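Protein chains in written order, with the working numbering: chain Y, 1 to 153; chain Z, 1 to 153; chain U, 1 to 83; chain H, 1 to 83.
If you're looking for bench data, these hints aren't it; they were derived computationally from the structure. Don't take each hint at face value.
Derived DEER-like restraints, expressed as beta-carbon distance ranges [as the list claims (entries may be wrong)]:
| no. | chain 1 | residue 1 | chain 2 | residue 2 | range |
| --- | --- | --- | --- | --- | --- |
| 1 | Z | Gly58 | U | Ala29 | 19 to 27 Å |
| 2 | Y | Arg70 | Z | Leu90 | 30 to 38 Å |
| 3 | U | Glu73 | Z | Glu43 | 38 to 46 Å |
| 4 | U | Glu23 | Z | Gln122 | 26 to 34 Å |
| 5 | H | Thr69 | Y | Arg70 | 22 to 30 Å |
| 6 | Z | Glu20 | Y | Arg70 | 24 to 32 Å |
As the structure is a prediction and not an experimental result, all values here were calculated from the model. Glycine included, each C-beta is placed from N, C-alpha and C at the ideal position.
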Amino acid sequence: MELESISIRHADFDVGAEVEALSGAGTAGAVASFVGVVRGGGEQRDAVLAMTLEHYPGMTERALADIVVRARQRWALGGVRIIHRIGKLLPGERIVFVGVAGRHRHEAFAACEFIMDYLKTQAPFWKKEETAEGARWVDARDSDDAALARWQG
Amino acid sequence: MELESISIRHADFDVGAEVEALSGAGTAGAVASFVGVVRGGGEQRDAVLAMTLEHYPGMTERALADIVVRARQRWALGGVRIIHRIGKLLPGERIVFVGVAGRHRHEAFAACEFIMDYLKTQAPFWKKEETAEGARWVDARDSDDAALARWQG
Amino acid sequence: MGVRILYFASLREALGSEGEQLELPAGVASVAALRTHLLVRGDAWLALSAPRIRAAVNQVLVADSATVTDGDEVAFFPPVTGG
Amino acid sequence: MGVRILYFASLREALGSEGEQLELPAGVASVAALRTHLLVRGDAWLALSAPRIRAAVNQVLVADSATVTDGDEVAFFPPVTGG
Chain Y
1 MELESISIRH
11 ADFDVGAEVE
21 ALSGAGTAGA
31 VASFVGVVRG
41 GGEQRDAVLA
51 MTLEHYPGMT
61 ERALADIVVR
71 ARQRWALGGV
81 RIIHRIGKLL
91 PGERIVFVGV
101 AGRHRHEAFA
111 ACEFIMDYLK
121 TQAPFWKKEE
131 TAEGARWVDA
141 RDSDDAALAR
151 WQG
Chain Z
1 MELESISIRH
11 ADFDVGAEVE
21 ALSGAGTAGA
31 VASFVGVVRG
41 GGEQRDAVLA
51 MTLEHYPGMT
61 ERALADIVVR
71 ARQRWALGGV
81 RIIHRIGKLL
91 PGERIVFVGV
101 AGRHRHEAFA
111 ACEFIMDYLK
121 TQAPFWKKEE
131 TAEGARWVDA
141 RDSDDAALAR
151 WQG
Chain U
1 MGVRILYFAS
11 LREALGSEGE
21 QLELPAGVAS
31 VAALRTHLLV
41 RGDAWLALSA
51 PRIRAAVNQV
61 LVADSATVTD
71 GDEVAFFPPV
81 TGG
Chain H
1 MGVRILYFAS
11 LREALGSEGE
21 QLELPAGVAS
31 VAALRTHLLV
41 RGDAWLALSA
51 PRIRAAVNQV
61 LVADSATVTD
71 GDEVAFFPPV
81 TGG
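Using the sequences and the hints, build the whole thing.
Dropping the structure here:
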């Protein structure tokens, strides 16, 4: 099994197959993973009807690879797998998968959250939401910067 | 979708289907999950050849339900799903699944790790390992008590 | 009074018993007293006195000072190792 | 010297451009100088001066003081919102 996989793509992914790939070698006792999903489907006038993800080809892959390097400098990890979808996505659709294998659960959890916090603030993706009132670019959130700062203290 | 599912069983589980059940409603933006796997398959004389999981029927379900209640007192969560296998398992086989859906990733991560930390120290399961040198009951680890203490400070 | 007692994992193996239905004499009304009551059965039962052996009454973890009353289910077991 | 410039997301829409190949006069040798150089094109280009607009040189996030040299790829974009 390849120790690392970073994939930017339109197509959906199979969470079970990703986790299986991370645990398959039998040396990792712990696999922590995260799946981000398009929220929406509410009744409000500004409910999200669809979302379009744009990215910066080339830099995205570099940024994600760099984030994994940083994670490996902090924790002894097994496999790491990252998938981020681009293009148009509907409410309920998966956007992102981050899975981390480790010998112990605390390392796997910490590294998975670390990668998500860096991805949210460092990887060049941008979301545009479509609503009944029109389209709007999603604003960056201060809470994401605060989450990142936890690792930099 | 049922908001909560706690299952103790011999049969394996489908990680993809579990995560799908947690994200299906489309209101949760974040699903954090954990899969524990039987380590082993090494070359050492004391490498684990198989593991048998015993539990205390009735108390196990109560303890897990109580852990979920505690998690919901701390964080606003969507669905929570816990599966723990019992009986004989081989290296590489999945033992446990904990999945938590939330509106935001930090809640989902924290609650998932909280539930694992409590499960490890409060839910009545016991592991017995088979090696080429014989069978032995697994000792509780101080690091698990330390992990639990983080939430009780 | 009568209680149902259960033993698990390494303790079950050490005692050679999964559990028993037991009539307790007056005065044996706490987990601590029940341990002492069982210990006099012989050397194998010393396993029950190890401080790491935990107790649950009616499927809830308790301290040794916990009360035991008629009809209770009392379980003894080593520290848990699931997950 | 020549640089390749890229614009993304809301900035791309505000400028009506995905990017351009540009010959820079002598003296325009930093990200800050490049911003100023582009700003004089007109009101629409004020979008580029917002402090929240970030820059990357050769696909690495940089501060405004970063050097720009011949052949560089310089990208401008708003704060990222992936994940």
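Verification of the hints:
Taking the beta carbon of each, Gly58/Z and Ala29/U are about 23 Å apart, inside 19 to 27 Å as hinted. Arg70/Y and Leu90/Z have their C-beta atoms about 35 Å apart, which keeps the hinted 30 to 38 Å range intact. Under the hint 38 to 46 Å, the C-beta atoms of Glu73/U and Glu43/Z, about 45 Å apart, fit the expected range. Take Glu23/U and Gln122/Z: their Cβ atoms lie about 31 Å apart, and the range 26 to 34 Å holds.
Separation of Thr69/H from Arg70/Y is about 27 Å and conforms to the stated range, judged on CB atoms against 22 to 30 Å. With their beta carbons about 31 Å apart, Glu20/Z and Arg70/Y fall inside the hinted range of 24 to 32 Å.
Hint compliance for this structure: no hint is broken.
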